[in-house]
Amino acid sequence: MKRIDAIIRPEKLQAVIKELRQINVSGFTVIPAQGRGQQKDLHGVYRGHTYDINLHSKIKLEIVVSNDFLQPTIQAIIGAAQTGRMGDGKIFVYDVEEAYNIRTGLVDETIDELNR
Amino acid sequence: MKRIDAIIRPEKLQAVIKELRQINVSGFTVIPAQGRGQQKDLHGVYRGHTYDINLHSKIKLEIVVSNDFLQPTIQAIIGAAQTGRMGDGKIFVYDVEEAYNIRTGLVDETIDELNR
Amino acid sequence: MKRIDAIIRPEKLQAVIKELRQINVSGFTVIPAQGRGQQKDLHGVYRGHTYDINLHSKIKLEIVVSNDFLQPTIQAIIGAAQTGRMGDGKIFVYDVEEAYNIRTGLVDETIDELNR
Amino acid sequence: MTTSVALNTIWVVLTAALVLFMEGGFSLLEAGLVRTKNAVNVTMKIFADLTFGALAFYLVGVHLLFGHDALHILGFGRVIGPSNLSLAAFTLFQIGFAIAATSIISGAVAERMKFSAYIVIVILTCSFIYPISSHWIWGSGGWLGRLGMEDFAGSTAIHTLGGFMALALAFVIGPRKNRFNADGSVNVFAPSNIPLASAGAFILWFGWFGFNAGSTLDAHSAVLGTIALNTFLAAAAGGASAIVVSVMKFRTADPSMTINGSLAGLVAITAGCAYVASWSAILIGLTAGALVIWATGWVDKLRVDDPVGAVAVHGVNGVFGTLAVGLFDEKQGLLTTGHVHLLLVQLLGTFIVALWGFVSAIGIGTLLKRTIGIRVSEDSEDEGMDIIAHGIPAYNELERFSEGSQIGFGYLDNMFMERQKDVQNSLDG
Amino acid sequence: MTTSVALNTIWVVLTAALVLFMEGGFSLLEAGLVRTKNAVNVTMKIFADLTFGALAFYLVGVHLLFGHDALHILGFGRVIGPSNLSLAAFTLFQIGFAIAATSIISGAVAERMKFSAYIVIVILTCSFIYPISSHWIWGSGGWLGRLGMEDFAGSTAIHTLGGFMALALAFVIGPRKNRFNADGSVNVFAPSNIPLASAGAFILWFGWFGFNAGSTLDAHSAVLGTIALNTFLAAAAGGASAIVVSVMKFRTADPSMTINGSLAGLVAITAGCAYVASWSAILIGLTAGALVIWATGWVDKLRVDDPVGAVAVHGVNGVFGTLAVGLFDEKQGLLTTGHVHLLLVQLLGTFIVALWGFVSAIGIGTLLKRTIGIRVSEDSEDEGMDIIAHGIPAYNELERFSEGSQIGFGYLDNMFMERQKDVQNSLDG
Amino acid sequence: MTTSVALNTIWVVLTAALVLFMEGGFSLLEAGLVRTKNAVNVTMKIFADLTFGALAFYLVGVHLLFGHDALHILGFGRVIGPSNLSLAAFTLFQIGFAIAATSIISGAVAERMKFSAYIVIVILTCSFIYPISSHWIWGSGGWLGRLGMEDFAGSTAIHTLGGFMALALAFVIGPRKNRFNADGSVNVFAPSNIPLASAGAFILWFGWFGFNAGSTLDAHSAVLGTIALNTFLAAAAGGASAIVVSVMKFRTADPSMTINGSLAGLVAITAGCAYVASWSAILIGLTAGALVIWATGWVDKLRVDDPVGAVAVHGVNGVFGTLAVGLFDEKQGLLTTGHVHLLLVQLLGTFIVALWGFVSAIGIGTLLKRTIGIRVSEDSEDEGMDIIAHGIPAYNELERFSEGSQIGFGYLDNMFMERQKDVQNSLDG
Ligand SMILES: Nc1ncnc2c1ncn2[C@@H]1O[C@H](COP(=O)(O)OP(=O)(O)O)[C@@H](O)[C@H]1O
Ligand SMILES: Nc1ncnc2c1ncn2[C@@H]1O[C@H](COP(=O)(O)OP(=O)(O)O)[C@@H](O)[C@H]1O
Ligand SMILES: Nc1ncnc2c1ncn2[C@@H]1O[C@H](COP(=O)(O)OP(=O)(O)O)[C@@H](O)[C@H]1O
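Chains as they are written, first to last, in the working numbering: chain A, 1 to 116; chain B, 117 to 232; chain C, 233 to 348; chain D, 349 to 777; chain E, 778 to 1206; chain F, 1207 to 1635.
Next comes chain A alone, as it looks inside the complex (with noise of 0.2 Å):
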């Protein structure tokens, strides 16, 4: 079992869900962040002072899926939130220890559906 921390933009998030429900990824968290990377700064004023913009509005969807759904996952994440332009963001991979259903109680069943 695996988790994906995705950061995209905001305004892929609609159509990166859209994917992941076409290959039955049914659960996620979404997380409204900022973040920096190699996306230039933007400028404001405010009063007669610039300022830098050093943080650009991101969303970070959090994904846990069995190893089989890795790569699709990831592929279908990529393939809606590129643009091409610096600031489309990242995905990293973890390592999950256990899942529980709180609903249940027990060992989580609903990852990828396993169940279906």
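The set of hints was computed from the structure by calculation and includes no laboratory data. None of the values given here were measured: they were computed from a predicted structure. It is possible that part of the hints are untrue.
Label pairs and their in silico Cβ distance ranges [unchecked claim]:
1. D:L715 x E:N861: 53 to 63 Å
2. F:P1288 x E:N861: 16 to 26 Å
3. E:N861 x F:S1289: 21 to 31 Å
4. D:L650 x A:N67: 55 to 65 Å
5. D:V408 x F:V1285: 39 to 49 Å
6. F:V1285 x C:G316: 54 to 64 Å
7. F:S1289 x D:W646: 44 to 54 Å
8. B:P188 x C:S298: 30 to 40 Å
9. D:V408 x F:T1208: 38 to 48 Å
10. E:L1132 x F:H1547: 55 to 65 Å
11. D:M349 x F:L1277: 45 to 55 Å
12. B:G221 x C:V339: 26 to 36 Å
13. F:P1288 x E:H1118: 50 to 60 Å
Straight-line C-alpha distance at most 30 Å; calculated BS3-like pairs for lysine-lysine [stated by the list, open to error]:
14. C:K250 x A:K40
15. F:K1383 x F:K1575
16. F:K1507 x F:K1320
17. A:K18 x B:K156
18. F:K1507 x C:K250
19. A:K2 x A:K18
20. E:K954 x B:K156
21. D:K649 x D:K462
22. C:K250 x C:K272
23. A:K40 x C:K234
24. B:K118 x C:K234
25. C:K250 x C:K234
26. D:K525 x B:K156
27. F:K1320 x C:K272
28. F:K1320 x F:K1383
29. C:K272 x D:K525
30. D:K525 x D:K649
31. C:K272 x B:K134
32. F:K1383 x C:K250
33. F:K1320 x F:K1575
34. A:K40 x F:K1383
35. A:K2 x B:K118
36. F:K1507 x F:K1575
37. E:K1078 x E:K1146
38. B:K156 x B:K134
39. A:K2 x B:K156
40. B:K134 x D:K525
Virtual Cβ for every residue (Gly too), placed ideally from N, Cα, C.
Dock chains B, C, D, E and F with the ligands against chain A, hints included.
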């Protein structure tokens, strides 16, 4: 040392916090999130168009505990956050390699208040 | 490749970012959070009722770095975020299995600007 | 048109506009004090007042209030207004008063009342309940007016009535989920937006000049300036004493208590603004500002859940303000002249109207409970009424919506039936 | 100064203040209905109306409108105002009207129009387009006025004109990115802040008393009170029918439709407020409140993207309101008296003005497109206009700014040149 | 009551309501421009103006200002108002003026002043400082008035005074933590809510019609309409030139500068609105809108931290507006008639009042510093004053509160003592 990610209903936050305190887990971080799983979409209407609200408000709790505290913490969360209806949430467990306390600059000694 | 989660005081964010840039760590993600640890509760009053503010505003920084950069990054954060008072925050370290760059669709080459 | 009528007409039109603008004040105040997930709903309730309530009063209520008197209890037929004033302007001003009374209720039942139930309450209040009791005081031949009751701009007619209806309905509908613990202790529900609430308070304060001074219905009134000054001084004094008391009691200058203190001063001076001296206005305001803090505690002790403090502000201070005329009236007040008669009449009047409001609201509330239902389901309450009843949350930062489908115009299509089922399902499980 | 002139002057100054306050209403309404990233920009457009627009009208437009008539088509020279009124007060009131017309446009082109292009549009609208067509109706000797057209406070002169200019410009500029899918279906863009939008609606409603009743320009007008009452009743009826229709069609009491229903009622009664009976005002309002919901659907079907519904509220209901005078006028209405002449004149008038607005806006829009450009770049649209054009987002919770550098005062220094390049770069890649 | 008195009285009551409504404008403007964590606090400071300030002026200040003259320096005893106007209405209007002066200060010391210290400042300003210097200009027999100083609605009496008191107190209290770097560069603190700030600006603009035109205190004034028009034109011109200058200097149409440009135009025309021609009003506005941008830079260079720009808007433009009368007065202006006398008197007057304000504010500030303290602790400043002084943050989205405990009513119980200790501890470590 393990990290627990618990995604719960917002209205259960205070109950979970209470329960955590009871078992002496006093450190955690709370992040507002939106999620999607088996819980059905809500539908909204705006200006004559329906739209799916395909994300539900959730709270993500991040808790780092020592291995001994792992199971009690998980049980405490499930106990406090369960309603039995779709959308109760998930718990994921990860391995933590190191922990530092910024205040002291040293390896953290406060996990589960080990120093007690 | 490691992932660093640093939970810091909001007012220290810009100082930490500055420090990170100095050591050439240029990619990170920032998430507003609320946390609870050893820092005491604040008390509020609303309409004749006291209430505990048992969560304090924090900022969570997520930084993925190569193994070589791990210690310098941790030291940089501690250096910039420490005040010595309760509530300074924590740093947790996790293992990262893979990293992709959405813009290129390939394995990420920008961690610590390895390509430099 | 004579200059005198012209002058009165523009005066009343402008003050009526101020009174009607107060609805915006109610809306912002409530939207700021409830939780985020119900901010749209309270706003929509004010729109219900401005639409259904206003039409109900215009079509039915105004006749019961200002029609030809029958048995000193009820008016009927053609509206009788002041002779040297456009009847239309008079009617407009009275609409503003009627919907102010019903707006008081909206705050106390916030976050849990069905929108349909609220609309029924508004229509009944504006058609019957408010006009009838106000006829007693203000109608030509009304029995309380004949007894000599003095309620210049409606501490009793509007605020006592609205406040006690609010109390009754908040009682019938029950507290918000998790508001009270088993041991009677109170969970604090954080107000969503204090600057919005204070914007509402400023609009209310502004509109109140129209409310009180406009009630002269006559620009030539010799006390018009005094009324406006008294109104302001009572509000200032109410806010000041609320700040002082809240610092003393709570060690905090509580913003919602400060707002409610000012409003309490305004409510309390409403009956007497034309009859009392300015120093009395200050005393009335000071008392009201302290009273509202205690009254908020009493309401909590009754385990009645009033999210915005409507009962404490309007109900308790409506009563107090009415009695204060009996104490401070320049010509017949107990403290100013030693006469007790007026005070007794005031007591009778405000008691009767409080009772009338309370009992009829209990009646309506019980009836609604047995018929269309008065309270949303527990799941809807959790989810918040904004999305359930109005299709949209109040604040939308994240661009989170997926593709929409335009609803077929001209007929109720299948999708809607499905949608309803879905909502039902999502609520049920 | 005679009492009569004094009375008229304070009446017009106070109502002018109300009309100008409506700009605040437009601003909040739009800031609440657009997406967060453009909330500052719509606010700044209203400031453009209040500054550039007002000065353009004062320096140029008012003469074309109220100057000496030439060929029944245009005024020129000294402004001719009512005899028993301060000319300055008259001018102030007319400024409020002119910028109301242009404010209508701002909502329809929100979230994508260049700020510079908008300023050009405002200046041209206030200098020429609005004054010319309004001269036809209101100018001494204007040809539509001579035909007997009745447009008391400007359903046609202001709302039809503004609404059809809005339609044309929304069409020329094209929809917001991702608004329509290839199959014509609509993506819902969530409004950022409904309580803010409703605050705007309350201010507009409040100001409309000044708009309509102030248009008497005479405090002695016998119908002044009726105008105010009709205005209110139409708004109440518009909101009521919008709630009912939206519940029937959408199974939801849609807040934005409720707001627009009330505004539609106000727009529709604007032409006839002085000429129709109160029951007609209610009927007009009820119709307007339903019409605005259908009209919103029509605009969507045309694939014109109007973020706030300006075309449906002002354009469609401006036309309807003008025709409604032909139907309900107490003296010459088709339904009230059986005469058809007025209705035909109204139809001609509102059609001509709609055409004039539409065609000239298409012209200006096309011209802008070919010259300075009318639409921001795609990247700027993604980023939001607040940061791109105004340097700052609307809401800033996080203390996220880094050190700033003060801009050299007195000259344009290098840093700025660089900054521009940076912005350019960051936009380009 | 004669028609003339009636007309004057409703005029002054309505414009007083507008002036008092401006407090809401100040509150929203400041709440929008400060950081989120202090939005409640600035709102509460406006409530302090409206309560403690208003009462202080009513009980003490008004007598010093409009009482019987003593030595051309001070009034005492019964208030002398215009003969054909209700004295109560006059008093109400003057309260609005007094608290406007003190509200100017609130913005400049935002985010760091102790609430208790602010209340002391408000009371002293409304009781003594403002009434005394205003007596010189407006009191019967005041020495500046006798010299022929012209300050129609208070560019000097209110804005110069308030602006220079603001400067002094912002100087005494020191900048917000981290505002200035060691090298003098400025860190930008993002304004929390621009739409809220602009709502405040619209309310201020609206209220200013009451401020200036209401200052006639006489509805029969022949220049009343001109005053209103001049007021508007200067605001429009101020906003326009602020947009142009900010685009030229900063390559950005800065919303806060646009707002402040309009307000600067209003401040600058306040002295001369009754004395200058409309084209002069436009020139004055254009200058003010540019001046405010430069002045903002000067204040930064002085390392005085003025979060809302009060010194630049009110202080600098109060001085400029007063001098502008000397230049543009229709009868004695330097540019219009070649006479230099008035200009010199204006210069003297505004200089003296600026000095008076500055020196007395330095005095009060220093005194406060030595006694109850003027500034919150560093930890409180970090945490934000909303939670520390008022118990509640401005915006509460998350339902994050735990169980509350009702505070014992009727006595200060132990829990509170503990609570205070806790707060202390949490602040200390
Ligand atoms: N090393 C990193 N650790 C954590 N988050 C990162 C890292 N690098 C980038 N990010 C996140 O990814 C986002 C996009 O990064 P960026 O470098 O702009 O993308 P790209 O490589 O496509 O140009 C950043 O805003 C940040 O949120
Ligand atoms: N595979 C997953 N990866 C990450 N988060 C998930 C995953 N599945 C569910 N979640 C999170 O858990 C929340 C609850 O999931 P849901 O399936 O509705 O609960 P339940 O299984 O109790 O019905 C979701 O809203 C989402 O935030
Ligand atoms: N065990 C934990 N797991 C996750 N987050 C934690 C944990 N302990 C502390 N934190 C986070 O770190 C923040 C600071 O912790 P705190 O104990 O107040 O710091 P300090 O140890 O410096 O006093 C908390 O608000 C919380 O967000």
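Now for the hints, and whether the structure bears them out:
The hint said 53 to 63 Å for the Cβ distance between L715 (chain D) and N861 (chain E), and at roughly 57 Å that hint holds. P1288 (chain F) and N861 (chain E) have their C-beta atoms about 25 Å apart, which keeps the hinted 16 to 26 Å range intact. In this structure the hint that N861 (chain E) and S1289 (chain F) lie 21 to 31 Å apart at CB holds, the actual value being about 26 Å. For L650 (chain D) paired with N67 (chain A), a C-beta distance near 59 Å keeps the hint of 55 to 65 Å intact.
The hinted range of 39 to 49 Å is satisfied by V408 (chain D) and V1285 (chain F), whose Cβ atoms lie roughly 48 Å apart. Restraint check, V1285 (chain F) to G316 (chain C): a C-beta distance of roughly 59 Å satisfies the suggested window 54 to 64 Å. With their beta carbons about 49 Å apart, S1289 (chain F) and W646 (chain D) fall inside the hinted range of 44 to 54 Å. In this structure the supplied range 30 to 40 Å holds for P188 (chain B) paired with S298 (chain C), their Cβ-Cβ distance being about 36 Å.
Range check, V408 (chain D) to T1208 (chain F): about 40 Å between beta-carbon atoms, so the 38 to 48 Å window is met. For L1132 (chain E) paired with H1547 (chain F), a C-beta distance near 59 Å keeps the hint of 55 to 65 Å intact. A C-beta distance of roughly 51 Å is found between M349 (chain D) and L1277 (chain F), which places it inside the suggested range of 45 to 55 Å. With their beta carbons about 34 Å apart, G221 (chain B) and V339 (chain C) fall inside the hinted range of 26 to 36 Å.
Roughly 53 Å separates the CB atoms of P1288 (chain F) and H1118 (chain E), a value that falls within the hinted 50 to 60 Å. With a CA separation close to 15 Å, the supplied pair K250 (chain C) and K40 (chain A) stays within the 30 Å bound. Simply put, K1383 (chain F) and K1575 (chain F) have alpha-carbon atoms about 18 Å apart, close enough for the 30 Å limit, and the pair holds. Annotation: proposed proximity of K1507 (chain F) to K1320 (chain F) holds, straight-line Cα distance about 25 Å (limit 30 Å).
Restraint check: the Cα-Cα separation between K18 (chain A) and K156 (chain B) comes to about 15 Å, which is no more than 30 Å; the hinted pair holds. Distance check on the hinted pair: K1507 (chain F) and K250 (chain C) sit about 25 Å apart at the alpha-carbon level, within 30 Å; holds. Annotation: proposed proximity of K2 (chain A) to K18 (chain A) holds, straight-line Cα distance about 21 Å (limit 30 Å). About 29 Å separates the Cα atoms of K954 (chain E) and K156 (chain B), which keeps this hinted pair within 30 Å; it holds.
Distance hint between K649 (chain D) and K462 (chain D) is fulfilled; the C-alpha atoms sit about 25 Å from each other, no more than 30 Å. Distance hint between K250 (chain C) and K272 (chain C) is fulfilled; the C-alpha atoms sit about 29 Å from each other, no more than 30 Å. For the given pair, K40 (chain A) sits about 25 Å from K234 (chain C) by alpha-carbon distance, which is consistent with the 30 Å threshold. Note on K118 (chain B) and K234 (chain C): the hinted pairing holds, with a Cα-Cα distance of about 16 Å set against a maximum of 30 Å.
With a C-alpha separation of about 21 Å, the suggested pair K250 (chain C) and K234 (chain C) falls inside the 30 Å cut-off, and the hint holds. Between K525 (chain D) and K156 (chain B) the CA atoms are separated by roughly 23 Å; this keeps the pair inside 30 Å, and the hint holds. The hinted pair formed by K1320 (chain F) and K272 (chain C) meets the criterion: a straight-line CA distance of about 23 Å does not exceed 30 Å. Distance hint between K1320 (chain F) and K1383 (chain F) is fulfilled; the C-alpha atoms sit about 15 Å from each other, no more than 30 Å.
The straight-line distance between the Cα atoms of K272 (chain C) and K525 (chain D) is roughly 29 Å, inside the 30 Å bound, and the hint therefore holds. Proximity of K525 (chain D) to K649 (chain D) is assessed by CA-CA distance (about 17 Å); at most 30 Å being required, the pair is judged to hold. Distance check on the hinted pair: K272 (chain C) and K134 (chain B) sit about 15 Å apart at the alpha-carbon level, within 30 Å; holds. Annotation: proposed proximity of K1383 (chain F) to K250 (chain C) holds, straight-line Cα distance about 18 Å (limit 30 Å).
With a C-alpha separation of about 10 Å, the suggested pair K1320 (chain F) and K1575 (chain F) falls inside the 30 Å cut-off, and the hint holds. The suggested pairing of K40 (chain A) with K1383 (chain F) holds, with an alpha-carbon distance near 29 Å, which does not exceed 30 Å. A hinted pair counts as satisfied when its Cα atoms are at most 30 Å apart, and K2 (chain A) with K118 (chain B) qualifies at roughly 16 Å. Distance check on the hinted pair: K1507 (chain F) and K1575 (chain F) sit about 24 Å apart at the alpha-carbon level, within 30 Å; holds.
The suggested pairing of K1078 (chain E) with K1146 (chain E) holds, with an alpha-carbon distance near 24 Å, which does not exceed 30 Å. With a C-alpha separation of about 29 Å, the suggested pair K156 (chain B) and K134 (chain B) falls inside the 30 Å cut-off, and the hint holds. A C-alpha spacing of about 25 Å is found between K2 (chain A) and K156 (chain B), which places the hinted pair at or below 30 Å, so the restraint holds. Only pairs whose Cα atoms come within 30 Å are accepted, and K134 (chain B) paired with K525 (chain D) is accepted, the gap being roughly 18 Å.
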